[in-house]
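Chemist: Put the complex together from the two separate chains, hints included.
For the record, the sequence lines run as chains A and B. Using the numbering used here, the letters of the first sequence correspond one by one to residues 35 to 341. Using the numbering used here, the letters of the second sequence correspond one by one to residues 175 to 529.
Mixed in with the good hints, there may be bad ones.
Stated by the list, open to error - Some chain A residues near chain B, calculated using beta-carbon distances under 7 angstroms: (1) ARG68; (2) LEU188; (3) LEU214; (4) ARG303; (5) THR304; (6) VAL308.
To be clear, the hints were calculated from the coordinates, so they are not data collected in a lab. From a predicted model like this one, the values you see are computed outputs, not experimental measurements. No residue lacks a Cβ here, since even glycine has one placed at the ideal position from N, Cα and C.
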Amino acid sequence: VIAFLSLIIAVVPEFTVSYRRVETRDHVALALYRYQRPGGTSERPPVLLIPELGFSRAAYDFEGRGLARWLAARGLTVYVAELRGQGKSGPGLSLEAFGADLRDVLDALKVETIDLVVHGWAGSVVLASNAAEPRIRRVVALNTPLFAEPPSVLAEAFLEDGGRFSSLAGSPQGAQIFELLFSMFSKFPRGTDRGFLSTGTRDLSRPVAAQLLAWMRQGDLPLGNDSVVARLTDWTKPTLLLAGLADGFASPEQCAVWRELAHGSVRLRTFSRVETQEDFSHLSMLLGTHAPGIVFPLVYDFFGEEP
Amino acid sequence: MKSLVLVFLVLLGGCANLRVVPLPRDAERYRPRTGDGWELSLVRYRAVGPVTGRPVLLCHGISANERNMDLDENHSMARWFASKGREAWTMSVRATGDSDRPDPSKGRTLPIRFDQYWQHDLPTAIEHVRKVSGADSIDFVGHSMGGMMAYAYLSQGGQGLHAVATLGSPTRLDWGTGLEKFIRTLGPKLVSDDVLFPSEFGAQLTAPFQTLFDDGPFERFFYNPQSTLPETWQRFIAVGSSDTAGGVARQLLTLVETGRFASADGLLDFRADMARIRTPVLVVAAKLDRVALTPSVKDGYRALGGPKRWLLITRANGALGEYGHMDLIIGERAPDEVFRPVLDFFTQHELPRTH
Numbered sequence: 035v036i037a038f039l040s041l042i043i044a045v046v047p048e049f050t051v052s053y054r055r056v057e058t059r060d061h062v063a064l065a066l067y068r069y070q071r072p073g074g075t076s077e078r079p080p081v082l083l084i085p086e087l088g089f090s091r092a093a094y095d096f097e098g099r100g101l102a103r104w105l106a107a108r109g110l111t112v113y114v115a116e117l118r119g120q121g122k123s124g125p126g127l128s129l130e131a132f133g134a135d136l137r138d139v140l141d142a143l144k145v146e147t148i149d150l151v152v153h154g155w156a157g158s159v160v161l162a163s164n165a166a167e168p169r170i171r172r173v174v175a176l177n178t179p180l181f182a183e184p185p186s187v188l189a190e191a192f193l194e195d196g197g198r199f200s201s202l203a204g205s206p207q208g209a210q211i212f213e214l215l216f217s218m219f220s221k222f223p224r225g226t227d228r229g230f231l232s233t234g235t236r237d238l239s240r241p242v243a244a245q246l247l248a249w250m251r252q253g254d255l256p257l258g259n260d261s262v263v264a265r266l267t268d269w270t271k272p273t274l275l276l277a278g279l280a281d282g283f284a285s286p287e288q289c290a291v292w293r294e295l296a297h298g299s300v301r302l303r304t305f306s307r308v309e310t311q312e313d314f315s316h317l318s319m320l321l322g323t324h325a326p327g328i329v330f331p332l333v334y335d336f337f338g339e340e341p
Numbered sequence: 175m176k177s178l179v180l181v182f183l184v185l186l187g188g189c190a191n192l193r194v195v196p197l198p199r200d201a202e203r204y205r206p207r208t209g210d211g212w213e214l215s216l217v218r219y220r221a222v223g224p225v226t227g228r229p230v231l232l233c234h235g236i237s238a239n240e241r242n243m244d245l246d247e248n249h250s251m252a253r254w255f256a257s258k259g260r261e262a263w264t265m266s267v268r269a270t271g272d273s274d275r276p277d278p279s280k281g282r283t284l285p286i287r288f289d290q291y292w293q294h295d296l297p298t299a300i301e302h303v304r305k306v307s308g309a310d311s312i313d314f315v316g317h318s319m320g321g322m323m324a325y326a327y328l329s330q331g332g333q334g335l336h337a338v339a340t341l342g343s344p345t346r347l348d349w350g351t352g353l354e355k356f357i358r359t360l361g362p363k364l365v366s367d368d369v370l371f372p373s374e375f376g377a378q379l380t381a382p383f384q385t386l387f388d389d390g391p392f393e394r395f396f397y398n399p400q401s402t403l404p405e406t407w408q409r410f411i412a413v414g415s416s417d418t419a420g421g422v423a424r425q426l427l428t429l430v431e432t433g434r435f436a437s438a439d440g441l442l443d444f445r446a447d448m449a450r451i452r453t454p455v456l457v458v459a460a461k462l463d464r465v466a467l468t469p470s471v472k473d474g475y476r477a478l479g480g481p482k483r484w485l486l487i488t489r490a491n492g493a494l495g496e497y498g499h500m501d502l503i504i505g506e507r508a509p510d511e512v513f514r515p516v517l518d519f520f521t522q523h524e525l526p527r528t529h
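Isolated chain B, as found in the complex (with noise of 0.2 angstroms):
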């Protein structure tokens, strides 16, 4: 009986952990809608104080939406860069967070895959920005999936970054290890296109859970205690994830069965034409990242045609703990070891540039 007094107050605790925080009240929230039918969820927060640069466009990553870069008021890299002067907007991409969910009746329908992020999600949040801020060209951060989306964009000649950072964006996965067997053999056969996978659902079904456990999967494979806190975790899992749309999952399983970077047709070569990008781009990598290996982030850096700044995240570099794949958005230290660096990168990026 006290055992399961004590699993029910464990339970209890681990729900408060799971209260939504809602966005500060001076959040403005906005539905530009694509050219191809879907409205987005975009949310601006203002330049606190004087502006200091661009605004700047957070993207989350798979399976995640806005709330990713702002959680709360001690974890939003949102509210981060509008304390520093920079006007910041968080977006969802399609049938994520508040964006528009499918709906064969009104022409959104399924499969949805990776190419639709960055050829209709990412172009309509930045002009939107652009239109709404007024800025010529704004700055961009994406996490995970994120980043690929801006790696896609500029490669295929998109218009409107000033200046990039990507946090923990892979653009192959294939580098032997046990874990790709497994996704290659199955992956095909549990993946389909025309699926909208029901991982929100089961992050807030297995949430209060998600603290019970020392060194669980879901440690090994995401965060870091030594740099989140597993309540900020919980409260992360519970508010922060999204379905997965099955066509986008099935176009990135390329990167592991083919190590090809590259659009659903298999037609634009993503990794090969990044050559071709000439806009400063910082790349952020996360020394015990299990989802995209350090290798991986290191293959889109070198892939880089344009000015760029390798930055890897570990103790030996300076950083308090080391970093897994969430720690860079939602870590305890994030805004001094991560955002703050992405900051300077952009300062330093906004001087005019001459090519």
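Same shape as in the complex, but just chain A (with noise of 0.2 angstroms):
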């Protein structure tokens, strides 16, 4: 019976991970997937997951681990969407075009209310092209930045090289570039780190990551007739905006100050290691070694709060 039971639990998926093409107004092809246990799923509404420019699904899910697994396991119907320009998507040549995306998937799911979380730089695009998006319900910010600073000497060496992973993934010195902008003073489970700059991000275009850039340098990027800062200023959706002490490509200091400008709807939860065994960086917000045991359960609570 043991043994039955055994090979049950082994053929069984603990996961059903389905995927599908949406495509946009402009014709560009995304890439969507879809976590569901088997057996019935939560009455809570759907949770997306959009991963940071240069991310794929990967940052949600690397080899069996991360957020869209976590949060599946616990009955809540998971979505990984990658933008134009993310992981199998077609070619992202503009911010604007990157934060517009979202519609289409919402579309695309046809849900009434949606949970989102986004992540760093892809975050601030995403939420101020889609602020007034109904559809969203309450999202989870992770080292999403609001004003934009001068970027330090390594990140600007990136981006102006086109925002080129890639080029990080070949070589001892890229690799060191890599931990001090995305995975500083970090643990992870051996190997995801390298891994995942191998097999986990794509280049940024050229156009995005020139974009990026004076974004940085200049404080603000303007979307339509106003700018990022003006529409996360006014913000009214129930935010936790969570912030990592380590994080060298969004700093805790670019993200934090949200909290001031939005008028009550954004809680901040920082971290350093006195406190937890993390500091947290870019990365490891997601796929460290203890981003499952603090970070995650942050996320699911936040989501299941009442109004």
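Modeler: So this is what it looks like as structure tokens:
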């Protein structure tokens, strides 16, 4: 009997992960993944996860670990969308178009409400571009900047080179640059950070790298008639903002100020190793050893709160 | 038995690091008196070689003293500035270092509050340095609470400072960490206005043990071994610590409780008034400062209304190691990575100001 049960457990998948293609209004193909536990799901709204610029679905599901499976294991229906320029989606040539992709994803999902997890600079663009989107219920923003700061020397060099993750993966020096920007002072399951650099990233397009660099240098990104700062200043959705002290790409001082300007809708949680086991860097917030024990429960609990 | 011998030897080695290095022979001691009757300890380090600019006054943070700025010949902001042609002065605020201790019989009573530091101690030190040196105005470096003193002083119209550098100086400490809940809950119960917490004794007591554990609580909180050798930290904790005034701790609790940077009576909002500051300020933050998290330091930078510059010390900006809170003043490479940019900032503002 034990052998039979073991066989059943081994054979029956913990999740179903399905893939579909979503075509945007301007005919760019986006990749959309769904994680669902067999045998029913929670009554909570589904959760949509958006990776950082240059990151792919692997930021939320790397070698079977990550926030996507963690949330799905607790009964939530989870989607990961790769917007243009990410993962297996079509090319992304502008941040404005990147931000507008969310609407097409929501249309394709045909949901009335959804909870959103966003990460880094991609999060700022997506939220600012969809500030008036009524289908978004609650948001968890991970290392998501409001006021862009002049980039560090390394970030500037990386973006001036076109944001080519592939160039970092090929050398020890490149790996060190990746570490300082994305995974500094962090603990990962063995091989995760290097493995993610090799297989979980995709080079930014030259125009997007240039746009991101200009955004950092100028402190704001123009969007239509206003800007990221203007739109996020008027932000009203209930939001949990998580900021890691060791983030070298979207540093916490750029993120935390959002709370002051969002008129009470943004709750801030920062981390430092004095209190937790981890300062949390850009990547370890998602794939670090301590993320499932510290970060993920905060995400789950926040989405479960009553309005 | 062998273990005991080993522990004894380790402690002996630790104690060897605790020897107090005397001040240099040519350091001059002064004791100006504040308007409310406290003598402060000031130490003057004359410029070596040709004078290149104004005197620089250096001020420590909370639970600390003047030796923060001159620990020994290899870890001394004071001697470094002097070697670059800048007369340097260190100071100890009341009830720290060699400054007067509370003595009710002489009218020096508790509570001591942060307000007394910026209303009495800092102006007294500034005036004394100006008087002795003959300078019309001086430059100032404040570490942690020392920088906050400058913010408060300047925000209320304080004069005599030409350019200022703050190192790891927060203007709010409510960032949603779990530690804050602990401080909010227990802080008001544990902290009393009328006591002087024996943090100096505690530091000296624990100093021999502080290098026994890798990644211990002091290391996590205060310094990064990438930048400060454990032996340096051990010596620092033994000679650079002072008792903590309960009234000061209580006043600064509001930074955690409400995020306000304000006078003890709540009437003065320093952060709001910092918009009036026109003195040039260099705001220096350490990437892995777990006392004054970078957002809390940046908050002060954003509040400043005059000429200002932001400097984040991190490997991504060229530093050879990450910095924590205390590494900014005692780090092994601080002279190149912190003091030098501060001096450059002061030098840049040496020209007569037009406003």
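Chemist: Which hints from the list above does the structure break, by number from lowest to highest?
Modeler: 1
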